[in-house]
Amino acid sequence: MSPAPAGEATPVNTSSSARLVSWPPLAGSLLMLVPIAVVSLLVWQTAGAALQGTVTHYLVLTVAVLAFSAFTGNSGILSFGHAAFMGLAAHVTGVLTIPVAQKAIFLPDLPLWLAGLELHFLVAGAIAVVLVTIVGFLVGIPICRLGGASAAIATLGLLIIVYGVLVGARDFTRGSQALIGVPRTVDIPLALLFVAIALIVCRIFRDSLPGLELRAAREDEPAARAVGVDVHRRRLLAWTLSACIAAIAGVLLAHELGVYSPREFYFQITFAVLVMLIVGGMTSVSGAVAGAIVVTILIEVLRSVEESINTVWFDEPTVFGLTDIGLSLAILGVLFWRRNGLFEYREIEDFVLSPRKAPAGSLTATPERVARDGGLEVRDVTRMFGGLRAVDSASLSLKPGEIVGLIGPNGSGKTTLLGCISGALECDAGTIELDGADITGMPSHLIARRGVGRTFQNVRLFSNLSCQENVKTALAAGSTGSRPARMTERCLALLGELGIADYASRRAGTLAYGLQRRLEIARALALEPRYLLLDEPAAGMNESESDELLAILARLREVRGPGLLVVDHDLSLIMRLCDRVIVLNKGEVIAEGTPEDVQSDPVVIEAYLGRRRTAERATSWSTARE
Amino acid sequence: MDILIQQFVNALSLGGTYALLALGLAMVFSVLGLINFAHGDLMTLTGYAMFFAIGAGLGLPLAIVLGIACATLAAVAMERVAFRPVRDANTATMLLTSLAVSTILHMLFQNLISARPRAIPVPSWMIGAVDVGGLAIGVIQLMSITATALLLIALSVFLRRSILGIAMRAAALDFPVTRLMGINANAVVATAFGLSGLLAGVAGVLWLAQRGSVDPLMGFLPVLKAFIAVVLGGLGSLAGAVVGGFALAFIEVFLRAFLPDGWLPFRESITLTLVIVLLLVRPEGLIGRRENVR
Chain A
1 MSPAPAGEAT PVNTSSSARL VSWPPLAGSL LMLVPIAVVS LLVWQTAGAA
51 LQGTVTHYLV LTVAVLAFSA FTGNSGILSF GHAAFMGLAA HVTGVLTIPV
101 AQKAIFLPDL PLWLAGLELH FLVAGAIAVV LVTIVGFLVG IPICRLGGAS
151 AAIATLGLLI IVYGVLVGAR DFTRGSQALI GVPRTVDIPL ALLFVAIALI
201 VCRIFRDSLP GLELRAARED EPAARAVGVD VHRRRLLAWT LSACIAAIAG
251 VLLAHELGVY SPREFYFQIT FAVLVMLIVG GMTSVSGAVA GAIVVTILIE
301 VLRSVEESIN TVWFDEPTVF GLTDIGLSLA ILGVLFWRRN GLFEYREIED
351 FVLSPRKAPA GSLTATPERV ARDGGLEVRD VTRMFGGLRA VDSASLSLKP
401 GEIVGLIGPN GSGKTTLLGC ISGALECDAG TIELDGADIT GMPSHLIARR
451 GVGRTFQNVR LFSNLSCQEN VKTALAAGST GSRPARMTER CLALLGELGI
501 ADYASRRAGT LAYGLQRRLE IARALALEPR YLLLDEPAAG MNESESDELL
551 AILARLREVR GPGLLVVDHD LSLIMRLCDR VIVLNKGEVI AEGTPEDVQS
601 DPVVIEAYLG RRRTAERATS WSTARE
Chain B
1001 MDILIQQFVN ALSLGGTYAL LALGLAMVFS VLGLINFAHG DLMTLTGYAM
1051 FFAIGAGLGL PLAIVLGIAC ATLAAVAMER VAFRPVRDAN TATMLLTSLA
1101 VSTILHMLFQ NLISARPRAI PVPSWMIGAV DVGGLAIGVI QLMSITATAL
1151 LLIALSVFLR RSILGIAMRA AALDFPVTRL MGINANAVVA TAFGLSGLLA
1201 GVAGVLWLAQ RGSVDPLMGF LPVLKAFIAV VLGGLGSLAG AVVGGFALAF
1251 IEVFLRAFLP DGWLPFRESI TLTLVIVLLL VRPEGLIGRR ENVR
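As given, the protein sequences belong to chains A and B, one line each in that order.
Taken in order, the first sequence gives residues 1 to 626; the numbers are from this note's numbering.
Taken in order, the second sequence gives residues 1001 to 1294; the numbers are from this note's numbering.
Quick caveat, the hints were computed from the structure, so don't treat them as lab data.
Since the structure is predicted, the reported quantities are computational estimates derived from the model, not experimental observations.
Note that the Cβ used here is the ideal one computed from N, Cα and C, for glycine as well.
Errors might be hidden in some of the hints.
What the hints assert, rightly or not - In silico negatives: residues of chain B with every beta carbon more than 12 Å from chain A:
id : residue
1  : LEU1058
2  : THR1097
3  : SER1102
4  : ASP1131
5  : ILE1153
6  : VAL1157
7  : ALA1185
8  : ARG1267
9  : LEU1280
Stated by the list, open to error - Far from chain B, some chain A residues (derived; all Cβ distances over 12 Å):
id : residue
10 : TRP44
11 : ARG170
12 : ASP324
13 : ASN340
14 : ASP392
15 : GLU606
What the hints assert, rightly or not - Derived CB-CB ranges, DEER-like:
id : chain 1 : residue 1 : chain 2 : residue 2 : range
16 : B       : ILE1003   : A       : SER208    : 53 to 61 Å
17 : A       : ALA169    : B       : PRO1085   : 39 to 47 Å
18 : A       : ASP428    : B       : ILE1003   : 39 to 47 Å
19 : B       : VAL1081   : A       : ASP171    : 44 to 52 Å
20 : A       : ARG184    : B       : SER1156   : 57 to 65 Å
21 : B       : LEU1173   : A       : GLU543    : 28 to 36 Å
22 : B       : PRO1085   : A       : GLU592    : 25 to 33 Å
23 : B       : ASP1002   : A       : ILE134    : 44 to 52 Å
24 : A       : ARG233    : B       : SER1156   : 53 to 61 Å
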């Protein structure tokens, strides 16, 4: 597979405003915003109070959905906690804006300085948002260290904690009773303004480099770390941003309702917002907004049906919860039909606009050669799993430009050793030195940034991101210092180097297996690694595919010259490729030397074939070199 | 000293209920990756089954058996109807599905039975206390501790000895590989749900014995606690769920007993904050473990 023909770098001579609109985050935001704005402003001008109230409430909830989406959509971690931020902000702004006379009646135990305070709602709201953002940042520190479902349940804990605090702090909140007299100042235009801001901010964040890194971690956390993504920090960033948006939603809701208790910000609203988010498509910002529309309309229709049933057929309300049942059935229907929500992984512009053509012409960029000095030194590393010594004081060294094979029977500790070197696993004993610096115990994203790339035994790609985005994540996180403008070029050059430039905008998960392996190597190369650890690169490949791989690796050595540590069971590949071979058995290095030496080493043959067969000398070993 | 032992017994009895619930949640989670919000409704279902059984003149023992059987069957049915279509979907989709199931059940309970609590008479001999070595220990607590202990022992024998039990433990470690070993996935999933229903049923009986009534939302709060317990113990670990359940109950009971009065309204918040701090120290839970990345 040869790289696509170079040349024809089509010059883009459009005016700057046109370019701005073709910028996906803004184009996507506008595509969502314009219809919403038109309809809600029309309602504002013409409709009665009831419908206006419904639309205002929908707009406020949309801000809330966007808050959840900023964290949950990009990190993949379901949050139950954002309603807590909404409640906190609502109560702060409430206490600051309730007229002094009413405070004296309803909140007699307020401290003096608060009792005499009556701020404009925008000032109070700003204070609430700043305070809650700070609180959000602080509680985010422990929560963002957890992953997946554990983090989700920790946010559930957060919701209960904050609810408990709000109810418990009677002097400020009237306990479980409602705050009364909060000025009702939110109307359609104001709510719409904040929908626009939140939507654009969410879209820009999603498409920014930190957002991309976080989405990569959502797809595969270990792989994201292995290309240098500081997952905790990226999560914390998204969490804090989303806490800020949630606080805005809380302030808006407070000044929309005027009367509310902590219960308003508990499970019911959390579930309502989650339904909108997941029905629309959890990972898509446009989906979140669309979900809010669909669910709001559904609720309104069901509610009026329920009311008319009760008034037409019964004298007094008899049927309860038809709205909830109908909504639940609708959720089940949507999820059974489209399990990733209405928009799945796409944004609105992916449906409307044609995919932009990747600019060609930059594929000839020649990568720089790796400097020859330094080396990777592994000394006496031990790693235990329970009582099992998976790696038992193993030592090895690797220099730039060298190709070393690491072989051994199944379960001999090869992958574990790679894990120890790349920082995915901690060593129980021993040291690892990288170009003279001790990197033992360093987290894997920092090791990656120091120029150690790796691929995985079971291919680990960011499946729902495009091939280009897979590589771009590594470019962004690996801090190889390229400017955003040049990133697309460099991505394409790297994909071209591995012969997969044609697939740049394809979703990585849809590639054929052999191409996925190549993409994984391209992604690792984006780190400009001085050392590259390849875990069974030829696993599952047929003969022609593994021949192609061999050619790629040989060219890699010629052009870039990193140190390669290759684990594989394909002995013929190892023997043809490697300068040196290290043999592991039961966690220990039992032999090391040139391929010829290792092949004839009786200890190695015994480890592979067992004692009885040793005498027979399997012929496959001698044929492997041919 | 007496009060300490008294609280210890309280914690043990509450912890038993949490542990049973958490274990059921963990079984389903480790096989399917599903955080089942409808788990609590199985407890509620047990309550209503007992209510109607007693109303129909069946004795309490028979009502208990019926109640537990009802929860078990309902759990299996729930999986078949609602969760099988979204098996292998992402966590959020499955969680929302369970939320929808839970909402539908709440509404059915409310409309077909009543939004108000229904009393389940607790026999008078259960209300008293027995004298154990000079300490007065509630009969209900004693029964609940005994029931939990027996059930956990029986379950651990099942998980260690029977083929299906071993398959369940294997599935908890790595479901895809377990399927490759020729274990019928549907059987494992159905067993996980059946067992989780059984455990929720028993927990429901114990919970009812303390409260004496059942209402549509009865199961929500204890299951919320059980979620926390599962994470505290280590998500995906069955033993962790049990340990987490007891740990959470101990924190709760001892805070309730020894917190100064002014702090009592914040008890729940303090408990959960402690849990989150514990998780900060051990992100993989009390007895969770980290795995090699391949």
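Out of the numbered hints, which ones does the structure contradict? 2, 3, 8, 9, 11, 12, 13, 22 and 24
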